[in-house]
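Turn these sequences into a full structure, and let the hints guide you.
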Amino acid sequence: MLAMNYRGPQRVRVSHKPMPEIKHPEDAIVRVTRSCICGSDLHLYNGNVPDTRVGMTFGHEFIGIVEEIGSEVHKVKVGDHVLVPFNIACGKCHFCRQGLYGNCHESNTQATAVGGIFGYSHTAGGYDGGQAEFVRVPYANVGPTVIPPDMDPDDAVMLTDVVPTGYQAAEMGGIQPGDTVVVFGAGPVGIMAARCCWLFGAGRVIVLDQYEYRLEFVRNYANCEVYNFKEMDDPVVFIKKITDWMGADVVIDAVGAEAAGSALQTITGRKTLLQAGSATALHWAINSVKKGGIVSIVGVYGPTDNLVPIGNVVNKGLTLRANQASVKRLLPRLIEHVQNGILNPKALITHRIPLEEAADAYRMFSSKLDNCIKPVLIPPSARM
Amino acid sequence: METKTNDLPAIAQNYSHIKGWGIDADPKNDPTYPIKHRTNDEQTGYSWERPTQQPVDVEVLRSIERPTISAVFGTSTPPSGLSGAIRRYAFKYSESEYGHWLPLLLADRVNMVEGIIDDFRRGHVPNIFAERGWKAEWKHDPQGLTKKVLIGTAVTVVVFMLLRRKR
Ligand SMILES: NC(=O)c1ccc[n+]([C@@H]2O[C@H](COP(=O)([O-])OP(=O)(O)OC[C@H]3O[C@@H](n4cnc5c(N)ncnc54)[C@H](O)[C@@H]3O)[C@@H](O)[C@H]2O)c1
Ligand SMILES: [Zn+2]
Ligand SMILES: [Zn+2]
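Protein sequences, first through last, are from chains A and B.
Numbered by this note's numbering, the letters in the first sequence go through residues 1 to 384 in order.
Numbered by this note's numbering, the letters in the second sequence go through residues 1 to 167 in order.
Think of the hints as simulated: they come from the structure by calculation, not from any bench.
Just to be clear, a hint being listed does not mean it is correct.
Simulated pairs of lysine-lysine, BS3-like, Cα-Cα distance not exceeding 25 angstroms [what the hints assert, rightly or not]:
{"hint": "1", "chain 1": "A", "residue 1": "K328", "chain 2": "A", "residue 2": "K75"}
{"hint": "2", "chain 1": "A", "residue 1": "K290", "chain 2": "A", "residue 2": "K241"}
{"hint": "3", "chain 1": "A", "residue 1": "K368", "chain 2": "B", "residue 2": "K28"}
{"hint": "4", "chain 1": "A", "residue 1": "K240", "chain 2": "A", "residue 2": "K291"}
{"hint": "5", "chain 1": "A", "residue 1": "K328", "chain 2": "B", "residue 2": "K36"}
{"hint": "6", "chain 1": "B", "residue 1": "K28", "chain 2": "A", "residue 2": "K328"}
{"hint": "7", "chain 1": "A", "residue 1": "K316", "chain 2": "A", "residue 2": "K291"}
{"hint": "8", "chain 1": "A", "residue 1": "K75", "chain 2": "A", "residue 2": "K23"}
{"hint": "9", "chain 1": "A", "residue 1": "K271", "chain 2": "B", "residue 2": "K147"}
{"hint": "10", "chain 1": "A", "residue 1": "K346", "chain 2": "A", "residue 2": "K368"}
{"hint": "11", "chain 1": "A", "residue 1": "K230", "chain 2": "B", "residue 2": "K28"}
{"hint": "12", "chain 1": "B", "residue 1": "K135", "chain 2": "A", "residue 2": "K368"}
{"hint": "13", "chain 1": "A", "residue 1": "K291", "chain 2": "B", "residue 2": "K28"}
{"hint": "14", "chain 1": "B", "residue 1": "K147", "chain 2": "A", "residue 2": "K368"}
{"hint": "15", "chain 1": "A", "residue 1": "K328", "chain 2": "A", "residue 2": "K92"}
{"hint": "16", "chain 1": "A", "residue 1": "K328", "chain 2": "A", "residue 2": "K316"}
Covered stretches of chain A, going by a simulated chain B footprint (3 or more residues, C-beta under 8 angstroms) [to be verified]:
{"hint": "17", "stretch": "1 to 10"}
{"hint": "18", "stretch": "15 to 25"}
{"hint": "19", "stretch": "46 to 56"}
{"hint": "20", "stretch": "94 to 102"}
{"hint": "21", "stretch": "106 to 116"}
{"hint": "22", "stretch": "229 to 241"}
{"hint": "23", "stretch": "316 to 327"}
Here a beta-carbon is modelled for each residue, glycine too, at the ideal position from N, C-alpha and C.
Okay, here's the thing in structure tokens:
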């Protein structure tokens, strides 16, 4: 089968790989119909996630048709078109039972600080991902969800990560009616987070990014205020100014380790890996939130340390909330929102690219070329 | 899932020797709700009924912060060669140690070189330009790509000249 194949920092190609096999009675094999590239893939692409092995296939946002099932699979059957949450979750462990499906303890041997994730290095379990024609899906009774017949597959693929992550970013903000929320980052996750803040009753939603085309998009898509941080001397002072010198009630970090905006952070975090990615957005978030406020972090950072003003977290009495999105927990509600037209996630998809051209797709998304917001890879069998 | 509260009176007897134990307990005061649902077995430890174990037929490196191999695991690209040896060494240390993560990053770079050697061994010359997606970059940002190539060439020339001068 064809599969994306990682060769080293910023080098990927598509090559032939053996078909995945059932390895466990709760496994399913899925023939992929769509798979996205995500901001999280860029951390792998840039070589910033430890234990990213050459030859691995990335891809944690995918949907597809069930081709084969293991002997203990009863929730899905061959032929079902399913959307597959990006977290691999057993549904039985301590954490899954608390609804923490992003923190499962039975899906990742290599690290305890993160659950299993499809196509996300050995630090997240060593699973080949969905940027391929076929993929092995463990715990098929837990994650995979049959796509409702009236749902557009483009909406379905966005429900595997972007929608739940954006929604959870807002949910973790503990937004009270009328609150002012600042969202750092206008990538797919930040755009969705900004949109979802209104669902929790925000009074004002403000988004910062460096790309005009993304700011323009989110302004229209999420009806929010937008500002370009490249045009500011100091984004923290700017936010103080526009919030009556108080700071925002809630700030969301939807940027993570690839953040721009501070030379020191970029050199130490992205160029030399002296810290686990550049923490510019998180730094700004902590410093621009109101005292007693909440910082909600969905931006992804590496497993070591980051330079953030933790002293200010103490002195300002902040609450930090963060996690990998718990996709399964949120899916029922979010499927409803999509079906009722409250959320329209497919509008974020700007590029549909044949799987064979994955290397170009990575470049376009990584360098933000051609006004790219969300690229989707489509395998040959799904293009016929 | 319903949020339940821990059964305070039931455990209170264990602490009857501690004056004031639990008098202000408020299990509803949980800032992690609704992200995390309390289940009433928060203190029961590693006690769930584990899923069937996937047969271990490839080498799986295990974090020393857990006692077992997870019930399922990925089988992509098992450790091999020099990078594999470095990865095995890294797994002697916990996720809390630089001794774990720095060798893993080193192994990733070594692995990249192994990948190139492996390509040549199979008679495949990797097309680095295609792999870096320069076609897309040329199409959508020819100026940026030109700048990148010029800077790259200049740096290479300077490094080359410096190296020669030293000899
Ligand atoms: N927690 C989760 O479950 C989860 C799930 C998906 C993605 N993520 C993470 O969310 C983040 C965003 O993902 P994405 O797909 O939207 O990525 P993306 O690369 O498309 O978007 C990131 C955006 O942040 C902007 N940015 C850079 N520095 C900034 C700064 N200092 N302030 C404000 N904006 C800045 C960039 O210009 C870009 O538009 C990534 O870190 C990704 O790993 C987390
Ligand atoms: Zn993702
Ligand atoms: Zn679990």
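Checked hints:
In summary, the hint linking K328 (chain A) to K75 (chain A) is supported, as the alpha carbons are separated by about 14 angstroms, within the 25 angstroms threshold. Of the supplied pair hints, the one linking K290 (chain A) and K241 (chain A) holds, its CA atoms being roughly 12 angstroms apart against a limit of 25 angstroms. Taken as a hint, the K368 (chain A) and K28 (chain B) pair is broken in the structure, with Cα atoms around 45 angstroms apart against an allowance of 25 angstroms. The hinted pair formed by K240 (chain A) and K291 (chain A) meets the criterion: a straight-line CA distance of about 12 angstroms does not exceed 25 angstroms.
Between K328 (chain A) and K36 (chain B), the direct Cα distance comes to roughly 13 angstroms. Compliance with the 25 angstroms bound is thereby established for this hinted pair. Of the supplied pair hints, the one linking K28 (chain B) and K328 (chain A) holds, its CA atoms being roughly 24 angstroms apart against a limit of 25 angstroms. For a cut-off of 25 angstroms, the pair hint linking K316 (chain A) to K291 (chain A) stands: about 5 angstroms separates their Cα positions. Pair hint K75 (chain A) plus K23 (chain A) holds up; C-alpha atoms about 18 angstroms apart against a cutoff of 25 angstroms.
About 19 angstroms separates the Cα atoms of K271 (chain A) and K147 (chain B), which keeps this hinted pair within 25 angstroms; it holds. Pair hint K346 (chain A) plus K368 (chain A) holds up; C-alpha atoms about 19 angstroms apart against a cutoff of 25 angstroms. A distance of roughly 43 angstroms separates the Cα atoms of K230 (chain A) and K28 (chain B); the hinted pair therefore is violated under the 25 angstroms criterion. Restraint check for K135 (chain B) and K368 (chain A): the C-alpha separation of about 14 angstroms stays at or below 25 angstroms, so the hint holds.
A C-alpha spacing of about 24 angstroms is found between K291 (chain A) and K28 (chain B), which places the hinted pair at or below 25 angstroms, so the restraint holds. This hinted pair checks out: K147 (chain B) and K368 (chain A) have alpha carbons roughly 17 angstroms apart, not beyond 25 angstroms. Distance hint between K328 (chain A) and K92 (chain A) is fulfilled; the C-alpha atoms sit about 13 angstroms from each other, no more than 25 angstroms. Our distance criterion of 25 angstroms between C-alpha atoms is broken by K328 (chain A) and K316 (chain A), whose separation comes to about 34 angstroms.
Counting residues of the stretch 1 to 10 of chain A whose CB falls under 8 angstroms from any CB of chain B gives 4; the rule of at least 3 is met. Counting residues of the stretch 15 to 25 of chain A whose C-beta lies closer than 8 angstroms to any C-beta of chain B gives 3; at least three are required, and the coverage claim holds. As drawn, the stretch 46 to 56 of chain A meets chain B at 8 residues by the rule of a beta-carbon pair under 8 angstroms; at three or more, the given contact holds. For the stretch 94 to 102 of chain A, the stated coverage by chain B holds: 5 residues have a C-beta nearer than 8 angstroms to a C-beta of that chain, and at least 3 were required.
Residue count for the stretch 106 to 116 of chain A with a Cβ under 8 angstroms from a Cβ of chain B: 9. That meets the three needed, and the coverage hint holds. Coverage of the stretch 229 to 241 of chain A by chain B is violated. Counting CB-CB distances below 8 angstroms, 0 residues qualify, and the rule asks for three or more. Given a C-beta distance limit of less than 8 angstroms, the hint that chain B covers the stretch 316 to 327 of chain A holds, as 4 residues qualify and 3 suffice.
In this structure, the earlier hints numbered 3, 11, 16, 22 are contradicted, and the remaining ones agree with it.
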